[in-house]
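Peer 1: Chain by chain, the residues run as shown.
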Amino acid sequence: MSDTQDLLTEGFVFTMDTYDMISAAEVYGQVISEMAQKNEDIVVLTSDLMRSNKTGTFKKYFPERFFNFGIAETNMVAAAAGMAVSGKLPYISSMAVFLSLRCAETIRTDLAYTNLKVRMIATHSGLSMGNGGTTHHATEDIAILRSMANMTVVVPADTIETGKVVRASEDLEGPLYIRIGRSIEPLAYENDAYDYTIGKHIIMRDYGKDAAVIACGVCVKAAVDAADALKKEGIGIRVINMHTIKPLDTEAILEAAQSTGALITVEEHSIIGGLGGAVAETLCDAGMGIKFRRLGIPDIYAVIGYPEDLYPLYGIDSAGIRTSVLNLLGK
Amino acid sequence: MRVKDFRNKAELLDYLDDKAMELRKQVIDLSMVSTGGHLGGAFSMMDIVVALYYHTLKVDPHNPTWAGRDRFVLSKGHGAIAYVPILADLGFFPKEWLSTFNKLDSPFGMHPDMHKIPGVEMSTGSLGHGLSIAVGMALSARLDKQDSRIFVLMGDGELNEGMVWEAAQAGSHFKLGNIVAIVDRNRFSLDGPTEEIMSIEPIRDRWEAFGWKVYDIDGHDMEALVDTFNGLPPASGNTPILVIARTTKGKGVDFMENNPIYHYTLLDKKSALDAFASIERSRPARRVTI
Chain A
1 MSDTQDLLTE GFVFTMDTYD MISAAEVYGQ VISEMAQKNE DIVVLTSDLM
51 RSNKTGTFKK YFPERFFNFG IAETNMVAAA AGMAVSGKLP YISSMAVFLS
101 LRCAETIRTD LAYTNLKVRM IATHSGLSMG NGGTTHHATE DIAILRSMAN
151 MTVVVPADTI ETGKVVRASE DLEGPLYIRI GRSIEPLAYE NDAYDYTIGK
201 HIIMRDYGKD AAVIACGVCV KAAVDAADAL KKEGIGIRVI NMHTIKPLDT
251 EAILEAAQST GALITVEEHS IIGGLGGAVA ETLCDAGMGI KFRRLGIPDI
301 YAVIGYPEDL YPLYGIDSAG IRTSVLNLLG K
Chain B
1 MRVKDFRNKA ELLDYLDDKA MELRKQVIDL SMVSTGGHLG GAFSMMDIVV
51 ALYYHTLKVD PHNPTWAGRD RFVLSKGHGA IAYVPILADL GFFPKEWLST
101 FNKLDSPFGM HPDMHKIPGV EMSTGSLGHG LSIAVGMALS ARLDKQDSRI
151 FVLMGDGELN EGMVWEAAQA GSHFKLGNIV AIVDRNRFSL DGPTEEIMSI
201 EPIRDRWEAF GWKVYDIDGH DMEALVDTFN GLPPASGNTP ILVIARTTKG
251 KGVDFMENNP IYHYTLLDKK SALDAFASIE RSRPARRVTI
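Which chain is which? The protein sequence lines are A and B, in order.
Under our numbering, the residues of the first sequence are numbered 1 to 331, in order.
Under our numbering, the residues of the second sequence are numbered 1 to 290, in order.
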């Protein structure tokens with residue numbers, strides 16, 4: 001019996017005591033390998049990004065269920081549809097910019113229209129590959145994916161939440177887009193001892209009713225830090241982790257709007273059509289005229305730079321969020 | 001699928017030619033109900049799909065999701081008007097359903113929907129997707145140790161799509177001998193002759209260069225179709241198959257043949273009657289005297 005078979009026979013569980021030392025993609029690669037031990041339908045597809053998408057672990061243990069499609073993303077997406085319709089549970093990964101833009105029509109026609117159970121792990125999203133330039137920025141993907149009927153769109157706050165989303169994805173019906181970053185990013189959670197459900201918001205801070213910040217992805221941690229800073233200045237805000245952009249937890253948004261009268265959305269995405277757009281639609285549909293601001297990438301192509309320099313530039317870091325809260329409140 | 005027992009091959013081929021004739025007439029009927037249809041491409045592909053469904057494919061209308069079945073993907077989804085009457089005739093759903101074609105909330109429109117039409121394996125209509133989908137189906141069949149085949153019917157103009165060639169390289173890379181791709185080589189796309197719009201020749205050389213085994217046959221010769229499908233190497237082989245089926249756009253209706261204006265058309269009553277007569281006249285000579 002090979003070493004691999006030994007491992008499989010014994011079963012292996014990845015203990016995540018190193019959440020702050022690995023990237024979200026690495027968490028995905030490890031969790032999917034763990035899940036595949038019990039679920040023989042799981043197959044993993046990549047497009048010459050095994051090293052970036054961190055699916056090498058899966059390939060090592062399940063080589064017969066791992067498929068590298070080369071630099072041909074659309075073919076990978078449609079082949080995943082063919083596998084899903086044949087009873088497999090495909091997890092496919094590429095960079096967010098290529099999945100959401102290059103493959104938009106294939107995703108919409110072969111995965112969303114058909115309502116097939118395919119999981120997309122979109123890595124290097126937002127400005128996480130900021131120094132890659134516009135060809136590698138993905139700041140339109142939430143807007144595109146959430147306009148597709150049947151699609152679920154999730155933006156985990158950190159590596160801990162990424163693990164929870166990947167685990168939860170096994171039982172979710174229909175297509176799912178999971179948007180993660182590139183590198184090791186600060187944790188929004190101290191540990192993984194919290195309940196997670198796709199589609200249900202999570203209150204990260206609830207210091208008062210001056211305002212509420214609704215955030216997703218890396219911006220959740222930034223919003224938490226802003227809330228902690230504002231608290232010291234006597235301003236109490238609520239921070240909502242809106243990890244699921246679709247289906248949107250509209251009740252949480254309307255409740256926050258009613259109780260605070262001032263909402264700020266923050267995301268590593270264009271201010272058009274993403275989380276901010278979705279929240280604005282919700283408020284307008286409910287006829288709620290409140291103080292409101294969308295933080296994100298303005299309607300431009302972002303400049304080149306490292307994420308830690310770009311987030312402050314576009315005001316989606318903790319300092320930028322703090323300033324926007326103060327401005328919105330007229331302070 | 002085995003629809004009935006035949007005493008010999010001639011009887012089988014006569015049966016298939018009769019079916020193709022009958023179904024071409026049904027397509028004319030359907031196009032009147034649906035106020036138009038992709039008639040040119042429907043008639044060029046008809047003999048191919050008849051040979052597949054009434055002879056070659058392992059499918060069961062009474063158990064359409066049977067795991068060991070062969071798959072058929074109509075990558076040229078605009079051929080639905082030729083495809084769905086076959087599924088009805090085989091009993092996948094009641095023929096009466098077809099009277100709703102193109103009407104509000106009908107299961108049937110120009111392109112087939114897998115969730116609305118029993119027997120349709122994949123929703124299609126956007127050209128260039130079918131072969132990639134077949135790659136996924138073929139990989140799954142191999143994982144499941146099924147000896148089924150994945151048949152895909154593409155239009156010839158469809159070969160312009162880049163995604164077809166992504167799938168072509170994957171088909172040989174993954175050694176998918178269980179894929180049989182068929183090109184309905186009717187020589188026309190919507191705007192005119194393929195070699196004027198965007199040439200696809202030399203088709204054979206291109207596919208062979210991509211590592212596919214190529215058959216080149218007359219797509220209206222029922223015997224050639226049946227012999228080719230009967231003589232395929234085992235599905236467990238390492239080389240994907242490409243069948244160039246040389247066809248005539250509008251085949252069977254003399255005034256439509258090779259005339260791109262009939263790519264999508266609505267006939268008036270007189271033209272429909274002329275079409276019926278032409279379809280009957282153009283049926284190949286019988287092999288067995290009745």
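Simulated from the structure, these hints should not be mistaken for lab results.
Don't take every hint at face value.
Calculated cross-link-like contacts (lysine to aspartate or glutamate; reagent style EDC-like; alpha-carbon spacing at most 20 Å) [what the hints assert, rightly or not]:
1) B:K270 to B:E280
2) B:K145 to A:E281
3) B:K269 to B:E280
4) B:K175 to A:D20
5) A:K59 to B:E280
6) B:K145 to A:D41
7) B:K116 to A:E173
8) B:K175 to A:D210
9) B:K269 to B:D29
10) B:K103 to B:E208
11) A:K200 to A:D228
12) B:K145 to A:D210
13) A:K38 to A:D20
14) A:K200 to A:E140
15) B:K270 to B:E257
16) B:K25 to B:E208
17) A:K209 to A:E255
18) A:K232 to A:D210
19) B:K175 to B:E196
20) A:K246 to A:D192
21) A:K38 to B:D144
22) A:K209 to A:D195
23) A:K38 to A:E173
24) A:K291 to A:E173
Peer 1: For every hint, state whether the structure bears it out.
Peer 2: Status of the hints after comparison with the structure:
1. B:K270 to B:E280: The hint holds at about 16 Å.
2. B:K145 to A:E281: Answer violated: B:K145 to A:E281 is near 49 Å, above 20 Å.
3. B:K269 to B:E280: Distance of about 17 Å is within 20 Å: holds.
4. B:K175 to A:D20: violated, 42 Å
5. A:K59 to B:E280: Distance ~58 Å between A:K59 and B:E280 Cα, so the pair is violated.
6. B:K145 to A:D41: holds, 13 Å
7. B:K116 to A:E173: holds, 18 Å
8. B:K175 to A:D210: violated, 63 Å
9. B:K269 to B:D29: Distance of about 10 Å is within 20 Å: holds.
10. B:K103 to B:E208: violated, 43 Å
11. A:K200 to A:D228: violated, 23 Å
12. B:K145 to A:D210: violated, 62 Å
13. A:K38 to A:D20: violated, 27 Å
14. A:K200 to A:E140: violated, 23 Å
15. B:K270 to B:E257: Between B:K270 and B:E257 the Cα gap is close to 17 Å, so the pair holds against 20 Å.
16. B:K25 to B:E208: At roughly 37 Å apart (the allowed maximum being 20 Å), B:E208 and B:K25 break the hint.
17. A:K209 to A:E255: holds, 11 Å
18. A:K232 to A:D210: Holds, at roughly 14 Å.
19. B:K175 to B:E196: violated, 34 Å
20. A:K246 to A:D192: violated, 23 Å
21. A:K38 to B:D144: holds, 16 Å
22. A:K209 to A:D195: violated, 25 Å
23. A:K38 to A:E173: With a Cα-Cα distance of about 18 Å, the restraint between A:K38 and A:E173 holds, given a limit of 20 Å.
24. A:K291 to A:E173: Status violated; Cα separation ~36 Å.
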